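The listed protein sequences correspond, in order, to chains A and B. 158 is the number that our numbering gives to position 158 of the first sequence; each next residue is one higher, with no gaps. 160 is the number that our numbering gives to position 160 of the second sequence; each next residue is one higher, with no gaps.
Read the hints as simulated data drawn from the structure, not as lab findings.
Heads up, the list lumps identical chains together, so a pair's fine if it works in one copy or across two of them.
In silico EDC-like pairs for lysine to aspartate or glutamate, Cα to Cα no more than 16 Å straight-line: (1) Lys222 - Glu116; (2) Lys222 - Asp112; (3) Lys45 - Glu78.
If you're wondering where the values come from, they're calculated on a predicted model, not measured in any experiment.
Chain by chain, the residues:
There are 2 protein chains.
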Amino acid sequence: MGMRRKEGFIAVDWGTTNRRAWRLDRGGAVQAEMEDDRGIIAVAKGGFPAAAAEIRERLGDLPMLMAGMVGSNRGWVEAPYVPCPAGLSELASNLCRIDGQRAAVVPGVAFDAGGEADVMRGEEVQLLGAHAEGWIGGDATLCHPGTHNKWVRMAGGRIALFRTVMTGEIFNLLREHSILADLLAAPVEPGPAFDAGVRHGLERDDLTAELFSVRARALLGKAPRDEASAYVSGLLVGADLKVGLPLAGDGEIVVMGRPELTRLFSAALAIAARPAREVDGDVAFLAGVRHLAELLR
Amino acid sequence: MGMRRKEGFIAVDWGTTNRRAWRLDRGGAVQAEMEDDRGIIAVAKGGFPAAAAEIRERLGDLPMLMAGMVGSNRGWVEAPYVPCPAGLSELASNLCRIDGQRAAVVPGVAFDAGGEADVMRGEEVQLLGAHAEGWIGGDATLCHPGTHNKWVRMAGGRIALFRTVMTGEIFNLLREHSILADLLAAPVEPGPAFDAGVRHGLERDDLTAELFSVRARALLGKAPRDEASAYVSGLLVGADLKVGLPLAGDGEIVVMGRPELTRLFSAALAIAARPAREVDGDVAFLAGVRHLAELLR
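Generate the whole structure from the sequences, applying the supplied hints.
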């Protein structure tokens, strides 16, 4: 598709509820960017060509390289998953071209080993981009918080295995729709309440009961109501670490994603006495699309 | 309030989303009953006198004895919790009288011991009613599934301690609002998929990850989509048992509530090799209100 050959291209990280897009020049430098809430659930079936045209109106009439849920069965086109182990070259050679060859969707990655099965869409570009830049080693362990946190083991520069934990989505369900909703409106900040939740989540195995205890303690005046949000977030993150840490090696864990989430997971990993390093997910995404575009030259 | 003195009374189990009411004659026999979806969240603030009048229009202009969330801070009147240990006489002497003495709300029960705190509203009438009838022993262990499952230890005929698990609510949140929603529409039936979920929930400690695995296995064609609903229900029930069984004594566990739920928990307890006996919650509720009315004569 000749990306970067002439005047550059548009990279789109098109998720479930939001999308972000950047115009890159032929050298890979960002010239313009946009973000809005036109995630795939806000686009009607058949509405993707028009939704892509909105991006081109704002950023220029250029080829587009897209990743994320836009390649799912609810997106523009279903881009089949690439199996683990998956590196940038496997992604590049399985791009799904649409829109008269003027757009391409990066495939997701599937992990399928006996009874274990998992899928990702979007995170793979960030992880492999960061590796291609040398920011993470070829055998790194990663944690990628978001709606669905991904624990990922790389091997030889490729994604070898991973497991998804629904931490972000469960927190959002509780905040928006549960009996705890009125207790969870406060923003989550690191601090003693978050830490106490992390410790409970790491040490105990009673998540679906402890959630109700938060409500009972508030009703009986045994815990400050304004600490509930951070405590519940910590509780879910602690339970998440208990799933992810057995997959991790002994070394550093790279926490990649939006800074407001990576700092929470980083704080939780400190409680678990595990060294962690944060990497900005957007920066890693741009690295990933630049390297994919190189492979497509 | 002289219940049963003349022409009987109306007993109401008024919950969050539904309410059930029965007209009992002076001997305690059921003469008429009704059920509708006018739970407390469907009643506007200040709308409870009118909502009670609807019941009297259908069942008769009689005194009313009410239990459940109608006594919560979102209900008709907030009836303060009675602390554990709580028996029928503690409930009777802490009734909250309203409506010109023509109605009374049974208080909820609170458990408060150091860092442990819990609350119930409604289940206490069923448990203590069943005990008053001799259906369960004075030192029984109970499991009361519903939106919020309650594990209860009785001692000397009173509620001694209990813990709530949000099993039903979490399942409903997943079914109605999560990325698993389209997989969870099928009704939950006992069977191999439910049993497999129970075993996973009992043996493993990865609930928030295993939920996503259900989606991944469906996407990759590794598990039948129509088994997801029973499997996820079993998974949550297995995690629930892991919280409740350490509270239970060595003997029989009484499973009380709606028959479609007690049969699932009973099946799960069989997998955990624990003897269980089911008791219908409505029948126990009626026993409880009859005994309360006796104490109020």
